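Novice: Going down the list, the sequences are from chains L and H.
Add 240 to a position in the first sequence, counting from 1, and you land on the number used in our numbering.
Add 240 to a position in the second sequence, counting from 1, and you land on the number used in our numbering.
Hints listed in this document are in silico derivations from the structure and should not be mistaken for laboratory results.
These numbers were taken from a predicted model, which means no experiment stands behind them.
Possibly wrong hints are sitting among the right ones.
Which copy? The list can't say, so a pair holds if one copy fits it or any two copies do.
As the list claims (entries may be wrong) - With a Cα cut of at most 20 Å, we get these calculated EDC-like pairs of lysine to aspartate or glutamate:
#1 K494 / E332
#2 K335 / E489
#3 K335 / D487
#4 K462 / E472
#5 K440 / D357
#6 K288 / D260
#7 K440 / E365
#8 K469 / E251
#9 K462 / D425
#10 K388 / E476
#11 K331 / E489
#12 K331 / D307
#13 K295 / D260
#14 K393 / D261
#15 K268 / D278
#16 K292 / D374
2 protein chains.
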Amino acid sequence: MARILRIIGLETIPDIKPGDDIADLIVKSCIQEGVNIDDGDIIVVAQKIVSKAEKRILDINSLKPSDKAVKLSEFTGKDAKFIEAVLMESKEVVKAVPGHLITITRHGITCANAGIDRSNVSGLENIITLLPVDPDASAENIRRGIEKLTGRKVAVVISDTYGRPLRNGQINVAIGLSGINPFKDYRGIRDLTGYTLHVKNIALADEIASAAELVMGQAQEKIPVAIVKGLEVRIENNHTAKELNMDKEKWLFK
Amino acid sequence: MARILRIIGLETIPDIKPGDDIADLIVKSCIQEGVNIDDGDIIVVAQKIVSKAEKRILDINSLKPSDKAVKLSEFTGKDAKFIEAVLMESKEVVKAVPGHLITITRHGITCANAGIDRSNVSGLENIITLLPVDPDASAENIRRGIEKLTGRKVAVVISDTYGRPLRNGQINVAIGLSGINPFKDYRGIRDLTGYTLHVKNIALADEIASAAELVMGQAQEKIPVAIVKGLEVRIENNHTAKELNMDKEKWLFK
Chain L
241 MARILRIIGL ETIPDIKPGD DIADLIVKSC IQEGVNIDDG DIIVVAQKIV SKAEKRILDI
301 NSLKPSDKAV KLSEFTGKDA KFIEAVLMES KEVVKAVPGH LITITRHGIT CANAGIDRSN
361 VSGLENIITL LPVDPDASAE NIRRGIEKLT GRKVAVVISD TYGRPLRNGQ INVAIGLSGI
421 NPFKDYRGIR DLTGYTLHVK NIALADEIAS AAELVMGQAQ EKIPVAIVKG LEVRIENNHT
481 AKELNMDKEK WLFK
Chain H
241 MARILRIIGL ETIPDIKPGD DIADLIVKSC IQEGVNIDDG DIIVVAQKIV SKAEKRILDI
301 NSLKPSDKAV KLSEFTGKDA KFIEAVLMES KEVVKAVPGH LITITRHGIT CANAGIDRSN
361 VSGLENIITL LPVDPDASAE NIRRGIEKLT GRKVAVVISD TYGRPLRNGQ INVAIGLSGI
421 NPFKDYRGIR DLTGYTLHVK NIALADEIAS AAELVMGQAQ EKIPVAIVKG LEVRIENNHT
481 AKELNMDKEK WLFK
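So here's chain L without its partners, still in its complex pose (with noise of 0.2 Å):
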């Protein structure tokens, strides 16, 4: 009678390379694991190994900071190399504090350091990961190439780690996705009760992709793909994760 959902996490993907078929991957480590891809699934896969397998590494001594890199390296006390690569990822710098430089990617996500992952592996500090071009596309391509394999109606959600401006910790929202409407909107609709419920409407593929996070995990677990079973969504193909981003004017605080 209880309803039940399900969080796979594969652990035989391979590390990914520049170039590797991503989608490909995924079912090659379902067949290894016994996990069926059936109609409905939500693969969410991590911003990491998108980026890897799109070749957005970047070596930022191949960078020349610019006037205003070297001003907000002053600044906020990051490296102003790591700051021009920010800032070429960047349409907009949001707050420059000491230790935060927060921007507007070029998807329109405001976050920190636009999304770029550091490494810190001694003597590879320079070795930088970029979020995918579009995201977007992203998991269209990766949706698509499941469903060429599987013949399965999937959804794919591109997941990356976010601070929140307000609570402490981070969680995982969608950067990219394909496949499913990123709301469940509640507005308007009555509840057994009768009550109106006119207020709420679910960032629904952010709260999936915090879900997978909990089987994906960050450090030594290595889990960058999950699967999501038993949730009740139709497959719809005509949305993008910049649904979810809230424009400028609307922010409450600046």
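Given chain L, put chain H in place with the hints provided.
Specialist: Quick look at chain H alone, frame taken from chain L:
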């Protein structure tokens, strides 16, 4: 081989009445639905039913708006009595603009309308539901109750819907907890490839609340309790959801 997390939504929790014993009702529903409660389970409970059981329901017609409430009413366009209730539940007004009133609640949560839910049943617009007085204590109470009835070591998270400053749509977060550390701290931990993830401190309890929302739904579905199984966390009793509230001094956006 794949790692599996299961989230089970209980569908037979009855309508909660003031004074109800939620732990008892959860255990009864589990028996009725054939769901085992196991050591390490995380039981997510919707704030709404906790508030009801704790008689945190108020008729705003019993309130006399203060001058401050009247002024904020004129400015925000919200009902003065409703604002009086919000002020009563808050220690600080953070932002008042037309259509929005953001405060810091007495618990330290920064959110809209002090987390107050307003009925919009015709003729009952005056009835509101306040957050529990001490949601961590509520969670502890439910946890102890379940432990007593089942002999299992579990964690309890009380979840509520939360609007984000920079992203569209709402997600569920943890406003109370017992038996679980709200964070999964990866700072300083090396992954398999030798990287050190020195920044990430995942807000695990918020992700659990979001994951549970996926089965709990919001409107017609009426699933106020979900059980998360398969998450490898240690049950520990010295934490609170207050740790998730960022101190105002640390806010980048003000």
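Novice: How would you classify K268 and D278 at a CA-CA limit of 20 Å: within, between, both, or neither?
Specialist: Answer is within; shortest intra-copy Cα gap is 15 Å, inter-copy 33 Å.
Novice: Between the shortest in-copy and the shortest cross-copy C-alpha distance, which are at most 20 Å for K331 and D307: within, between, both, or neither?
Specialist: Answer is within: at 17 Å inside a copy they meet the 20 Å cutoff, but 44 Å across does not.
Novice: If the cutoff is 20 Å on CA atoms, where do K469 and E251 land: within, between, both or neither? Let me know, please.
Specialist: Both ways: K469 and E251 sit 17 Å apart in one copy and 18 Å across, limit 20 Å.
Novice: At most 20 Å between C-alpha atoms: does K462 with E472 qualify within a copy, between copies, both, or neither?
Specialist: between (28 Å within a copy, 15 Å between copies)
Novice: Using 20 Å as the alpha carbon limit, work out where K331 and E489 are close: within a copy, between copies, both or neither.
Specialist: within (16 Å within a copy, 27 Å between copies)
Novice: Reference check for the pair K288 and D260, CA-CA at most 20 Å: within, between, both, or neither?
Specialist: within (13 Å within a copy, 47 Å between copies)
Novice: Within a copy, between copies, both or neither: which one fits K335 and E489 at a CA-CA cutoff of 20 Å?
Specialist: both (16 Å within a copy, 15 Å between copies)
Novice: At most 20 Å between C-alpha atoms: does K295 with D260 qualify within a copy, between copies, both, or neither?
Specialist: Only inside one copy: K295 and D260 sit 10 Å apart there, 57 Å across copies, limit 20 Å.
Novice: Give the relationship of K440 and E365 under a CA distance limit of 20 Å: within one copy only, between copies only, both, or neither.
Specialist: Close across copies (17 Å), not inside one copy (43 Å); limit 20 Å.
Novice: Can you tell me if K494 and E332 fall within 20 Å by alpha carbon in one copy, between copies, both or neither?
Specialist: both (13 Å within a copy, 18 Å between copies)
Novice: At most 20 Å between CA atoms: does that hold for K440 and D357 within a copy, between copies, both, or neither?
Specialist: between (33 Å within a copy, 11 Å between copies)
Novice: Taking 20 Å as the upper bound on the Cα-Cα distance, should K292 and D374 be classified as within, between, both, or neither?
Specialist: Cα proximity of K292 and D374: one copy only (14 Å, versus 45 Å across).
Violated hints: none; the structure is consistent with every hint.
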